[in-house]
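Participant: Counting from 1, one number per residue, gives the positions in the sequence shown under this note's numbering.
No lab work stands behind these hints: they were computed from the structure.
It cannot be assumed that every hint is accurate.
[Claimed, not checked] Cβ-Cβ distance ranges computed for the label pairs, FRET-style:
hint, residue 1, residue 2, range
1, R3, M98, 25 to 33 Å
2, Q80, A50, 27 to 35 Å
3, M98, G25, 35 to 43 Å
4, E32, S85, 31 to 39 Å
5, S84, D31, 35 to 43 Å
[Stated by the list, open to error] Taking lysine-lysine pairs in the DSS-like style, the calculated list, with each CA pair at most 27 Å apart, reads:
hint, residue 1, residue 2
6, K57, K19
7, K19, K104
8, K19, K77
The C-beta atom is built at its ideal place from N, Cα and C for all residues, glycine as well.
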Amino acid sequence: MLRVRHVIVCGHHGCGGIKGTLYGGTEGPVDEWLETARDVLHDHRDEINAQPTDEAKVNRFAEVNVRDQLVRLARTKTVQKAFSSGQELALHGWVYDMRDGHIKPLMEIAADMVIEEIGRPDKVLV
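Take the sequences, apply the hints, and build the full model.
Facilitator: Right, here's the structure in full:
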């Protein structure tokens, strides 16, 4: 049983790990750690590549990565058990904008949401 009411997945714009996944150059333990990000890139490559600049590609990748990791978390047995038992629990997806120091909410998942119907987050980079 989870003993928290909020779980936060927070990525950040300009992320070096995201850049490495997008353009290559990672190796060793970092490369293994980024395996799930490579899955996200595979699933969203067209949307990411449609961004007008390299910076925009990295930032959009960071946003959809937060979304996909949040959905992955929501599907875990632990979270599903908390949701089904009526525990007050919300999953939050945030992006930290290193340029202005602000955290920008992307999305939230609660017990009453159908995971398969969760769409992509809006862009939060202004």
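Participant: Against each hint, give a clear statement of whether it holds in the structure.
Facilitator: Tested hints:
Between R3 and M98 the beta carbons are some 31 Å apart, a value that agrees with the proposed interval 25 to 33 Å. Evaluation of the 27 to 35 Å hint for Q80 and A50 yields a pass: the beta carbon distance comes to about 33 Å. Range check, M98 to G25: Cβ separation about 20 Å, and the 35 to 43 Å hint is violated. In this structure, E32 and S85 meet the distance hint of 31 to 39 Å, their C-beta atoms being roughly 34 Å apart.
The hinted window of 35 to 43 Å between S84 and D31 holds, with their beta carbons roughly 36 Å apart. For a cut-off of 27 Å, the pair hint linking K57 to K19 stands: about 9 Å separates their Cα positions. Restraint check: the Cα-Cα separation between K19 and K104 comes to about 20 Å, which is no more than 27 Å; the hinted pair holds. Between K19 and K77 the alpha-carbon distance is near 31 Å, which puts this suggested pair outside the 27 Å criterion.
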